[in-house]
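Here is how the chains run, residue by residue.
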Amino acid sequence: MTTSNEKEKRKQLEAVAKVELPVFASPYKFELEGLNAWFGTKQVLKDINMKIKDRTVTAIIGPSGCGKTTLIRCLNRMHEVVPKARVSGRVLFNGVDIYNGNVDPVQIRRKIGMIFQKPNPFPMMSIYDNVAAGLKLNGIRDKKVLSPIVERSLRMAGLWEEVKDELDKPGVSLSGGQQQRLCIARALAVEPEVILMDEPTSALDPIASSRIEMLIRTLAKDYTVVIVTHNMQQAARISDFTAFLFLGELIEYGPTDQIFENPKNELTEKYITGKFG
Amino acid sequence: MISYNLRKLKSGLMQALVWLALIMALIPLFSIILEVVLKGASSINIDFLTKPTPTVGEVGGGAANAIQGTLITIGLASLVGIPVGLMSGIFLSEYSEARLSYAIRFFNDVLSGFPSIVIGIFGYTLIVLSFGFSVIAAAFALSIIVIPIVTRTTEEALKLVPLTVREAAISLGIPRWKTTVSVVLNAARKGIVTGVLLSFARIAGESAPVLITMGYWRWWFAGLDKPVANLALNVYIFAISPFENWRALAWGSSLVLIVLVLGANVLVRILTRERY
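Line order of the protein sequences matches chains E and G. Each residue of the first sequence is one higher than the one before, counting from 355 in this note's numbering. Each residue of the second sequence is one higher than the one before, counting from 15 in this note's numbering.
It should be emphasised that the hints constitute simulated quantities derived from the structure, not laboratory data. For clarity, every value in this text was computed on a predicted model and none was experimentally measured. Ideal Cβ placement from N, Cα and C applies to all residues, glycine included. Hints are not guaranteed to be accurate.
As the list claims (entries may be wrong) - Derived CB-CB ranges, DEER-like:
{"id": "1", "chain 1": "G", "residue 1": "Lys204", "chain 2": "E", "residue 2": "Gly628", "range": "43 to 51 angstroms"}
{"id": "2", "chain 1": "G", "residue 1": "Asp123", "chain 2": "E", "residue 2": "Ser418", "range": "38 to 46 angstroms"}
{"id": "3", "chain 1": "E", "residue 1": "Val457", "chain 2": "G", "residue 2": "Ala112", "range": "23 to 31 angstroms"}
{"id": "4", "chain 1": "G", "residue 1": "Lys204", "chain 2": "E", "residue 2": "Lys523", "range": "12 to 20 angstroms"}
{"id": "5", "chain 1": "E", "residue 1": "Glu515", "chain 2": "G", "residue 2": "Ser17", "range": "41 to 49 angstroms"}
{"id": "6", "chain 1": "G", "residue 1": "Leu63", "chain 2": "E", "residue 2": "Glu362", "range": "51 to 59 angstroms"}
{"id": "7", "chain 1": "G", "residue 1": "Val195", "chain 2": "E", "residue 2": "Glu603", "range": "38 to 46 angstroms"}
{"id": "8", "chain 1": "E", "residue 1": "Lys498", "chain 2": "G", "residue 2": "Leu285", "range": "22 to 30 angstroms"}
{"id": "9", "chain 1": "E", "residue 1": "Arg495", "chain 2": "G", "residue 2": "Val273", "range": "34 to 42 angstroms"}
{"id": "10", "chain 1": "G", "residue 1": "Leu114", "chain 2": "E", "residue 2": "Glu515", "range": "20 to 28 angstroms"}
{"id": "11", "chain 1": "E", "residue 1": "Arg495", "chain 2": "G", "residue 2": "Val73", "range": "58 to 66 angstroms"}
Please model the entire structure based on the sequences and the hints provided.
Structure, rendered in structure tokens:
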């Protein structure tokens, strides 16, 4: 009885988390090879080459307009959602080029979640529905399957204790910091392997920010996190690796300690010491 | 000090002006409702709601056939017009290229500004001339009134949904069409419902295009290829008639029309009300 139930659940989950992408053994989650990106005729990323290790936090820093956001949006094929946006080069995810013509971007995005600058819970949906949205809209309607996932995701996002008695309240009624954690829970619910974050704390107050930062460290145990940040202290605090981008080019990339304590490039040093930015 | 008093005076003056304008806008509204309710209520009885139009000299009679006819005609028009308008609105907001949308939006606005009698003549030439006066012809003409209203309000409502909400859905690996249907439409449903109700109210009261495509008909519904009675035409024909019971019928029909539109408004609002 229980086992058949379990089987049924498993089946439903697998249908959603259907892995159609082959996985090659590689210590790297992402390998970017000669990545270029354009908006219309304006080139915003120039020949980016970098490798991102599994289960690490990689921070991307650089002055405004240097292409940080575009870079992470290229990693889950969100860049092409904008009209006239274009990409060339290769992005290997688990060893497979996600820009190869056979790869379905929808499948890619299920494996690579994204958190945005401004918390964006779905309007007109309850907290529960917000977290369950990714699964529900992919066909899982059984509450017996959804509820444990919703609880687990909210727990992982550190929001469960605050909302467990009001799961049917609207997601947008939460505070900014709670909304951002709700968005993290929503991304975790579809069981991604990577979480991309685009300045996730820039719209939050310091206390809410530090909660998210702690959360990011916890997430790094199970997920690969790539975070864009304007806040250099934040990058130094939470990341294992840091990439410095300037005018669309990858200037320096290495372990965070080295980038902040002993940068090899003069530009990097000027930027992290606040001489420009 | 003087300038402060002057400013206060100006502010008070403006406030009075705004109030005055509000009252002027509300007077016609309430006087119409009051008049229709007072005169119409007395003619509404069991006969009115169950019997068809009386013939000349016949005592009593009702508007049951006109209520039936109006519901069938605007129902059919909505059935055709609302989905087309909805999908056009979705196309304009979610899928169209900027220049194409601009052109479509322009022609859509022109269409929504068309005098309804012109749309009636369009329906007449296109359908009546070959198939005769019929419910289908009237519903066709009315649906052409519905489409631009629903298209425009749907597009506007969808555009109010922030782009970031769409991106959130897409980044969860939800396909584009599902994002549109389940997330974006859902978030915009209040505005969309408003547009649908607006178009419903508009065609419920249309008389010119109905007269041209269906003519005046005093019997019960007999098939979509035949004409049927209509509340708005009841008002049009009977309000100027010489018989007391016919004029009472016109008032009753007016009241039923207003109640119908109001009732649909309340019902749809309840059905689609926001939980939050």
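Hint by hint, here is what the structure shows:
At roughly 47 angstroms, the beta-carbon separation of G/Lys204 and E/Gly628 lies within the given 43 to 51 angstroms, and the hint holds. Distance hint for G/Asp123 and E/Ser418: a CB-CB separation of about 39 angstroms, consistent with the stated range 38 to 46 angstroms. Roughly 29 angstroms separates the CB atoms of E/Val457 and G/Ala112, a value that falls within the hinted 23 to 31 angstroms. Here the CB-CB span from G/Lys204 to E/Lys523 is close to 19 angstroms, well matched to the stated 12 to 20 angstroms.
Checked against the given bound of 41 to 49 angstroms, the beta carbons of E/Glu515 and G/Ser17, roughly 57 angstroms apart, lie outside it. Separation of G/Leu63 from E/Glu362 is about 54 angstroms and conforms to the stated range, judged on CB atoms against 51 to 59 angstroms. In this structure, G/Val195 and E/Glu603 meet the distance hint of 38 to 46 angstroms, their C-beta atoms being roughly 41 angstroms apart. Separated by about 29 angstroms at the C-beta atoms, E/Lys498 and G/Leu285 satisfy the suggested range of 22 to 30 angstroms.
For the hinted restraint 34 to 42 angstroms between E/Arg495 and G/Val273, the CB-CB distance of approximately 39 angstroms keeps it satisfied. For the pair G/Leu114 and E/Glu515, the supplied restraint of 20 to 28 angstroms is violated, since their beta-carbon distance comes to about 50 angstroms. Between E/Arg495 and G/Val73 the beta carbon distance is about 60 angstroms. The supplied range of 58 to 66 angstroms therefore holds.
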